[in-house]
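> Please arrange chain D on chain Z, whose structure you already have, making use of the hints.
Heads up: the protein sequence lines correspond to chains Z and D, in order. Counting in the working numbering, the first sequence runs from 1429 upward without gaps. Counting in the working numbering, the second sequence runs from 1262 upward without gaps.
This list has only true hints and no planted wrong ones.
Think about it this way: if two alpha-carbon atoms lie no more than 27 angstroms apart in a straight line, the pair counts; the simulated DSSO-like pairs of lysine-lysine are:
| no. | chain 1 | residue 1 | chain 2 | residue 2 |
| --- | --- | --- | --- | --- |
| 1 | D | Lys1336 | D | Lys1644 |
| 2 | D | Lys1420 | D | Lys1504 |
| 3 | Z | Lys1457 | D | Lys1310 |
| 4 | Z | Lys1457 | D | Lys1336 |
The hints are simulated quantities; they were obtained by calculation from the structure and are not laboratory data.
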Amino acid sequence: MEQFTGKVWVLGDDIDTDIIIPTEYLALKTIEDMKQYGFSPLRPELAAQIQPGDIIVAGKNFGCGSSREQAPEVIKALGIRCIIAGSFARIFFRNSINNGLLLIEQNDLHDYVQEGDTVTVTVNQDVDHNGQKFPIASLPENLVEIINAGGLVKAMRRRNGLAE
Amino acid sequence: MGMTIAEKIIALAAGVPAVKAGDIHTVTLDRMMSNDGTTHLTVDMYRNKLNHPRIADPQKMVFIVDHNVPSDSPKTAASQKKMRDFARENGIDFWEGKGVCHQIMMENYVCPGELIFGADSHTCTYGALGAFGTGVGCTDLLYGMVTGTSWVLVPETVKFNLTGKLPEGVYPRDLMLSIIGQIGANGVNYQVMEFTGDGAKTLSVNDRMVLCNLAVEAGAKTAIFEADEIALEYLAARGRKPKAVFKSDEDAVYQREYTFDLSRIQPVAARPDFVDDVVPVKEVCGVRIDEAFLGSCSNGRIDDLRVGAAIVKGKKVADHVRFLVVPASQEVYLQALDEGLISIFMESGAIVMNPNCSVCWGSCQGVIGENEVLISTGTRNFKGRAGHPSSRVYLGSAATVAASAVKGEICTAEML
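Just chain Z, with the same shape it has in the complex:
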């Protein structure tokens, strides 16, 4: 079973796509240019603090708002390993899978975890926080295939026997 450990950043409910990447930066040429502005309306300093492998823990309705795919792309480019939230808005959920960003629904963890804590995720099983285990559901196999390939386009190439 795939397992990983990461440091936690805690965000609240209804983290919308305009917070994840504001409209004014969408005109920048690349995701690399945009990522420094990730979450800037809410926490301007956050993007610079996130380290590869970190985990975001949030409340309900993460990713609500627009269909801009730059939102999951920016989060992935910042190095976030996965997002654990009470619930996800559906367009963001699809866009994240399509970009190989792992999302985990877990309703209770948000009430227990504090920023800077470390959690260990065992995919399709649970999230371990200081020995307390929070159960998580299994993702359907077709979605796991897409996430593991790094996104929908890469999964299609793999499925069609094409090189990366």
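Chain D in isolation, oriented as in the chain Z frame:
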């Protein structure tokens, strides 16, 4: 077991006799729409990441430049050129400056019974004509463009029984904000909102568009009305025919039901920074505004312009307020010109702009600065949505926006 309208549309698109909530099906898409928010990303992936790029059926594709019109920087000009060139090379219908994408789609393409993907969250608007429209990202759009298909998880349907009739001076915008305020910003996450009942019969297609458009602000995958005689009349007037006209079966399964009595709805506003933070307008009266916006795919139609013009006629916009009036399409604009509404707005001191998304998406036009306050008929009031992160956006009906523009602070039309 019976099916809902949404389930029947998915079954037809999947080529199966029946579907139920929770099933995953591969569907053939009837239409795909993409705008200048993300089309350049789709084109980049198409050109750079596929070994055998092809378009399943260019006639099903519609590209619409509406988010930054006219382009406001070399960067947006470049991404729009990419989109324009790609559309022309591939025989894709291309619209530029003619209106907000969902308004263009409703005026020219959407037919009852169709399953439509749009690379824009407000694609759920098309339910006003009994179509299943849903927002997707640019990768899903690319997959649909190349294969002609996609997968859908059949959503549960939540029934909204509408009874009665909206009182004078209360609008569909007040109704939908009231519904979202009650059920919450993720109240129907991944579900379909089906609007039905006698109250639905009192709503025009334009009215129904307001309800369906804002469904995504409650998390819905889509919203839908039955394509009744009102919808079919709208369609016939535009020379189009339905793909299929569906009713929900008597024994269709609903996840839950709500009833809203339209006669009890009052003017409301959504407070910053959440669409579901809804209060009666009287609770936010007196909030000083810097800008007012009448437009968007939610409320930039002729009905809204008529309501707004009736309120500002013979009056002046407050000295400290910029009042932006942005018709949702050129069809709407021309109608407003014919009816003399544009003169009324301009004589009041409003700034009348070309059809586009404008300040509703916080780019190109009317962007607000530090600590400024906007009252808007736009779709969202998220933190920083209309400009500076410290700025604030209130949402309300065309009447509330126009009245507030005149008074210089939030008020209802009655209070002017």
